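J.: Sequences and hints are given; from them, build the entire structure.
Residue numbers (numbering that gives the first Met the number 0), protein chains in the order written: chain A, 0 to 228; chain B, 0 to 97.
Just so you know, the hints here were simulated from the structure itself, not pulled from any lab data.
All values derive from a computational prediction rather than experimental measurement.
Ideal placement from N, C-alpha and C gives every residue a C-beta, glycine not left out.
Among these hints, one or two may not hold up.
What the simulated footprint calls covered on chain A by chain B, stretch by stretch (three residues with Cβ under 8 Å from a Cβ of chain B suffice, anywhere in the stretch; the number is not a length) [what the hints assert, rightly or not]:
1. 112-124
2. 130-137
3. 209-222
Okay, here's what each chain looks like letter by letter:
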Amino acid sequence: MRNLASLLFAGGLGFLLMVFGLQFDFGNAPMLVGQAIQSAAPEQVGAANIVTAVVLGYRGIDTLGELAILFAASTAVGLILGHRHTSTKPDPDSGLILRAGGELLMPLLLVVGLYIILHGHLTPGGGFQGGVILAAAFFIPVLARPSTPLKHTGMMLIEGFSGAAFILIGLAALYSGGEFLQPLLDKGTLGNLVSAGTLPLLYLAVGLKVGAELAGLLAHLAAAEVSES
Amino acid sequence: MILISTVIVAIMLLAAVAALLFKNHVAAVAAVGILSLALSVLFVILKAPDVAMTEAAVGAGLSALVLALGLRRLGLWQIESSNSTQSSIQKSGEHTDA
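T.: As structure tokens, then:
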């Protein structure tokens, strides 16, 4: 009976979504504010990736809010989970495939993550995506070998300094007579690696903060006490 | 383009159903990862490469890692030496029945 009700619900939801989906022209969203931003952003901000121009240039304080939410979430996880008792022995190491794959993947993921962060103002991607990849790079070795956990203090230092750097860059813009988090410095030529003023620095701060935060969160989860069952 | 999208949506649906039906928990987590990966390809087709990258990194990468970690915390994914493999299979069978 319950299965039947679930099936009915899923079918109805699917039908509803299909009806909504048929109303839209697939792949061609009606862009109103988008066109205005697309025509103005390359000159105003100097970022080849318009999404970055919006995320850090026009809506920088939203990004700061997202960072604050992430910080609150990881702090809450750290508070709730607590620490593992020192007498419990760590989990056994994983199988050969995960260990070898982890060793192979970690440098690769580091390079990809840093590339995505540093090219956030040129190509799709940016601080959040690259930060998540960095966190995965640091976490896969923990999953492969639980007996060698991450160092918490280093992570917290990186996280704190990069978060402070983000706010300091915003305050520097305020001090130099602009708005909070307004892009500073020379815009450079569109499409160069060193262009778009302070946006790459902001994205570097975001990427390091997200990476350190998520890696610390995952390490907290990994180190939590195993329930006796 | 509509054909490719249809194939991708079919893959997503298959992966979602597979995630529900698989008895092996690690395989179910992998199926969820495949679902996210297919969704990120769909985002590329919809001309949203930034969203696609976020979906691939968070959905396919990080959330699969978190789920795998959760399996290990709950004792549903056990890495055993070869002599105790039999008991772990028995144990995971009990968990799926519960």
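J.: Are the hints correct? Go through all of them and say.
T.: Here is how each hint holds up against the structure:
Using a Cβ-Cβ cut-off of 8 Å, 3 residues of the segment 112-124 of chain A lie near chain B, which meets the minimum of three, so the contact claim holds. Using a Cβ-Cβ cut-off of 8 Å, 4 residues of the segment 130-137 of chain A lie near chain B, which meets the minimum of three, so the contact claim holds. For the segment 209-222 of chain A, the proposed coverage by chain B is satisfied: 4 residues have a C-beta within less than 8 Å of a C-beta in that chain, meeting the threshold of three.
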